[in-house]
Amino acid sequence: MSDRALTDVRVVDISQGIAGPYATKLLADAGAAVIKVEPPAGDYTRRLGPFPGDVPDPERSGLYLHLNTSKRSITLDVSVPSGQVVLKKLLARADVFVTGEKASTLAAWGLGYADLKAQFPELVVAQVSPFGATGPYADYDGNSLTAMAMSTIMYNTGEPDREPLATGGEPGAYIAGVQLWIGILAALENRAARGGGDHVDVSMAEAVAAADEYNAAMYGFQGAIRRRYYSRHIFGYPNDIMECMDGHVVVIPGAGGFPSPLVGDSVSPMALLFENPDLDQTVFFKQMGERMINWREFEALIHPFLSMHSAMEIVMTAQALRLPFAFVPNAADLLSDEHLAERGFFVRQQHPVAGAVTLPGAPFRMSETPLTMSPAPERGSANADVLVGELGYEQGDLTILSDQGVI
Amino acid sequence: MSSNELPLEGIRVVDLAQVFAGPACTRILADLGADVIRFESPNRLDVTRSLIITENDGLDHYYHRASYFVVRNTGKREIVVDLAKEEGREITRKLIATADVVVESFTPRVMAAFGLDYARLKQIKPDIIMCSLSGYGQDGPMRDYAGYGMGLEPASGISSITGYEGGPPMRSGLSFTDPYSGFIGAGAILTALYHRRRTGNGQYIDLSEQEAAIPIMAAAVLDQQMNGRLMPRTGDRSTYAAPQGCYGCAGDDRWAVISCEDDAEFERLARATGHPEWARDARFATVLARHEHHDELDALITVWTSQRDHYDVMHTLQAAGVKAAAVLDGKEVLFDPQFKARGHFDIVDQPLLGKRPVQRHMAAKFTRFEAKTRRPAPLLGQHNEEVLKELGYTDAEIVAFAEAAVIADKPNLPVPPQIVAMALKLPYDRYIEHRILLAIEPDYRQQLGIAD
Numbered sequence: 000m001s002d003r004a005l006t007d008v009r010v011v012d013i014s015q016g017i018a019g020p021y022a023t024k025l026l027a028d029a030g031a032a033v034i035k036v037e038p039p040a041g042d043y044t045r046r047l048g049p050f051p052g053d054v055p056d057p058e059r060s061g062l063y064l065h066l067n068t069s070k071r072s073i074t075l076d077v078s079v080p081s082g083q084v085v086l087k088k089l090l091a092r093a094d095v096f097v098t099g100e101k102a103s104t105l106a107a108w109g110l111g112y113a114d115l116k117a118q119f120p121e122l123v124v125a126q127v128s129p130f131g132a133t134g135p136y137a138d139y140d141g142n143s144l145t146a147m148a149m150s151t152i153m154y155n156t157g158e159p160d161r162e163p164l165a166t167g168g169e170p171g172a173y174i175a176g177v178q179l180w181i182g183i184l185a186a187l188e189n190r191a192a193r194g195g196g197d198h199v200d201v202s203m204a205e206a207v208a209a210a211d212e213y214n215a216a217m218y219g220f221q222g223a224i225r226r227r228y229y230s231r232h233i234f235g236y237p238n239d240i241m242e243c244m245d246g247h248v249v250v251i252p253g254a255g256g257f258p259s260p261l262v263g264d265s266v267s268p269m270a271l272l273f274e275n276p277d278l279d280q281t282v283f284f285k286q287m288g289e290r291m292i293n294w295r296e297f298e299a300l301i302h303p304f305l306s307m308h309s310a311m312e313i314v315m316t317a318q319a320l321r322l323p324f325a326f327v328p329n330a331a332d333l334l335s336d337e338h339l340a341e342r343g344f345f346v347r348q349q350h351p352v353a354g355a356v357t358l359p360g361a362p363f364r365m366s367e368t369p370l371t372m373s374p375a376p377e378r379g380s381a382n383a384d385v386l387v388g389e390l391g392y393e394q395g396d397l398t399i400l401s402d403q404g405v406i
Numbered sequence: 020m021s022s023n024e025l026p027l028e029g030i031r032v033v034d035l036a037q038v039f040a041g042p043a044c045t046r047i048l049a050d051l052g053a054d055v056i057r058f059e060s061p062n063r064l065d066v067t068r069s070l071i072i073t074e075n076d077g078l079d080h081y082y083h084r085a086s087y088f089v090v091r092n093t094g095k096r097e098i099v100v101d102l103a104k105e106e107g108r109e110i111t112r113k114l115i116a117t118a119d120v121v122v123e124s125f126t127p128r129v130m131a132a133f134g135l136d137y138a139r140l141k142q143i144k145p146d147i148i149m150c151s152l153s154g155y156g157q158d159g160p161m162r163d164y165a166g167y168g169m170g171l172e173p174a175s176g177i178s179s180i181t182g183y184e185g186g187p188p189m190r191s192g193l194s195f196t197d198p199y200s201g202f203i204g205a206g207a208i209l210t211a212l213y214h215r216r217r218t219g220n221g222q223y224i225d226l227s228e229q230e231a232a233i234p235i236m237a238a239a240v241l242d243q244q245m246n247g248r249l250m251p252r253t254g255d256r257s258t259y260a261a262p263q264g265c266y267g268c269a270g271d272d273r274w275a276v277i278s279c280e281d282d283a284e285f286e287r288l289a290r291a292t293g294h295p296e297w298a299r300d301a302r303f304a305t306v307l308a309r310h311e312h313h314d315e316l317d318a319l320i321t322v323w324t325s326q327r328d329h330y331d332v333m334h335t336l337q338a339a340g341v342k343a344a345a346v347l348d349g350k351e352v353l354f355d356p357q358f359k360a361r362g363h364f365d366i367v368d369q370p371l372l373g374k375r376p377v378q379r380h381m382a383a384k385f386t387r388f389e390a391k392t393r394r395p396a397p398l399l400g401q402h403n404e405e406v407l408k409e410l411g412y413t414d415a416e417i418v419a420f421a422e423a424a425v426i427a428d429k430p431n432l433p434v435p436p437q438i439v440a441m442a443l444k445l446p447y448d449r450y451i452e453h454r455i456l457l458a459i460e461p462d463y464r465q466q467l468g469i470a471d
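These protein sequence lines map, in sequence, to chains S and V. Numbered per this note's numbering, the first sequence spans residues 0 to 406. Numbered per this note's numbering, the second sequence spans residues 20 to 471.
Hints listed in this document are in silico derivations from the structure and should not be mistaken for laboratory results. There's no promise every hint is true.
List of simulated lysine to any residue pairs, SDA-like, C-alpha gap at most 20 Å [as the list claims (entries may be wrong)]:
hint	chain 1	residue 1	chain 2	residue 2
1	V	K113	V	A138
2	S	K87	S	R71
3	S	K101	V	H334
4	S	K88	S	V387
5	V	K104	V	L410
6	V	K374	V	R394
7	S	K116	V	R387
8	V	K144	V	L102
9	S	K101	V	K104
10	V	K144	S	S366
11	S	K285	S	L300
12	S	K285	V	F58
13	V	K141	S	D2
14	V	K429	V	L371
15	V	K408	V	F58
16	V	K391	S	E188
17	V	K141	S	K101
18	S	K116	V	E389
19	S	K285	V	Q437
Chain V regions said to be covered by chain S (calculated; three or more residues, Cβ under 8 Å) [claimed, not checked]:
hint	stretch
20	63-74
21	246-259
22	363-375
23	447-459
None of these values were measured; they are calculated from a predicted model. Every residue gets a Cβ at the ideal spot worked out from N, C-alpha and C, and that includes glycine.
Generate the whole structure from the sequences, applying the supplied hints.
Now the structure itself:
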């Protein structure tokens, strides 16, 4: 077995949902020992699904199985004092504590950063919350959608005469999770160099706003406020999804696709693709602004070609001309995609309850310490291991805690 | 905090990445304290040096004035080296011998063609960590495909679940998988650095932007295999909440999102909007009923939101315990009290441009250090001499490199800069007319408090 990158990192994670669990999944798949502390009813993603046959079952939730690979699970009610006592015993043996609770909630539980720092000066406390632990909105509630809304990305997504559109798949939560993960690793790096823990405080709204491409910059450098315009870039049309014979493709001319003063007199790659050199003489091929504003006329020029060719033909030909066109796959297309299959991206695993599932693989490949995924844990399956085996409780204590509904 | 000692002080990053994903990755490393040295080619500038030119006017050194470039390259140094020349590659090898991390974002064949693939970097610096960010990864049948961010979000599948109900697949209004994969790259490099600290070993990281984003599609991928179903496009609605949507507010193109996870939250919404009867209405009493009668409910909610400012909607509902947020545009985010209180925008004094707001890329706040931008974005080739001297080159050698065009501080443009400047000027008057832009505010620097 190859080496694991984070083999000596111990994480206690009380977060639920997507953001915190995705951060600790990335740590766990890289070898960190993650104890997932679930409320006795289980992480709420256990109730979200998707479920096989749409039959709710906390051990068969697709989202949970994806987000919690390589972790152990214990159940513990950290909102009551007896649960907090157990949690602090766990924190005494941990390097990283991850939470998705707001600052006010943590303070009420005696788990505010000042308290934790006093007791565990070497602990990295990583907190992801909708708007961050400080500031006027610190107590506000939120989710991926509120983060997308605050980030400016949503305002620029969708049709100009309709409501702004949220991107699918709860990306706001994933972006926040990735920012939390980076923050944890940075704090661990700092601790390794200088000693001492830290409070890593991630606002979901800021995490997504960090991914803003140029909405704030257009105001801060030009005074211009950008609206949404069919999800198109300000750099001009197309750069957008268009219909073809058997589906959709992304039409992207790239830096050198259209005739350009930088390229000279040869036929442009876009005109070559559409098999009509005369297109280079049209105002739509010559001027980005014209394409953007009179896009329907431009579209009429290329529609006949697109409607008579398949996505495969169009994208392969375009790529051969070094035009960065792309496919628009759905979930089924991804699962049967040859390129992803050859790279071995998806991970097929056998879960003790859910059976065989195919999960999205690691988001990056490491040559010496590859990420690996063992199946997500059953709820509370490590209670005895952790509480008796590691914290030294008696089997009888577990029964008492269980009777009280704490575990 | 007593000082700003940063986690990556002493780490040197050679940054051969261009455009968006790679620079977002190395921007985080720079803000965490690494010495990031960017490379550009005099023959083919980073394309972002021609995007979103300050004041929409490219006549005066456009390549020093592109806001797109500035935002993701603050805190770095830059040298302009012609890698097509052997002397240029020799400088690069010398620099890599002093580095901890190399980041690049070419298609796979390019680094090998320069003699700078991982096997050779490892000979130069045995414990080097190399991260290749590409559209589709280093192997597989699509390895040589050119990848742009606007294509990679769709390629990850996310566009298939983005769009209005019954409408076609849509992209986000900007290429978020680019910075997303850049952030992933930064975390991957920190993971490799942690491993190196313990073992002394470097490694190679192959990051495909398409693959990095597919986990966001996980629920759709699992629904497909569990139920043979393709997740439909549902606009702003969600199976996890009802009501959930984006509601029109008072003013020109102002909106707020609202999301109620359960009956209790819906009851709070009903009371906060002055309609406690909604919670007792059989059409809305349960989450299933609310999904079923979502259009009717949205119409009622819109009557309430349309008479209010989007921030009023947010604050009123949040005070009542309901998830809500104003949908902010690129101006509002700069003025929002929460973003301001937490310092999401650093004011950078950029040469030729003056003070400008630049967003954080490392969104996490720490108590022991601040991961903010520490210096302006580099001018083209600004640090040629400084970096070459650090490598031990003499003044005479540096002059000779400049004369032989191995290094440069100006681009080799095939046409006069005036023509390029004309091509870069966006027709903003017409964009306003067509509502591509909401407004242009000439006094924006006064409003932001960054006027000269």
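Against the structure, the hints come out as follows:
| no. | hint | result |
| --- | --- | --- |
| 1 | V:K113 to V:A138 | holds (16 Å) |
| 2 | S:K87 to S:R71 | holds (18 Å) |
| 3 | S:K101 to V:H334 | holds (17 Å) |
| 4 | S:K88 to S:V387 | holds (12 Å) |
| 5 | V:K104 to V:L410 | holds (18 Å) |
| 6 | V:K374 to V:R394 | holds (12 Å) |
| 7 | S:K116 to V:R387 | holds (12 Å) |
| 8 | V:K144 to V:L102 | holds (19 Å) |
| 9 | S:K101 to V:K104 | violated (55 Å) |
| 10 | V:K144 to S:S366 | holds (16 Å) |
| 11 | S:K285 to S:L300 | holds (14 Å) |
| 12 | S:K285 to V:F58 | violated (31 Å) |
| 13 | V:K141 to S:D2 | holds (19 Å) |
| 14 | V:K429 to V:L371 | holds (16 Å) |
| 15 | V:K408 to V:F58 | holds (16 Å) |
| 16 | V:K391 to S:E188 | holds (17 Å) |
| 17 | V:K141 to S:K101 | violated (45 Å) |
| 18 | S:K116 to V:E389 | holds (18 Å) |
| 19 | S:K285 to V:Q437 | holds (17 Å) |
| 20 | 63-74 | holds (count 5) |
| 21 | 246-259 | holds (count 9) |
| 22 | 363-375 | holds (count 4) |
| 23 | 447-459 | holds (count 10) |
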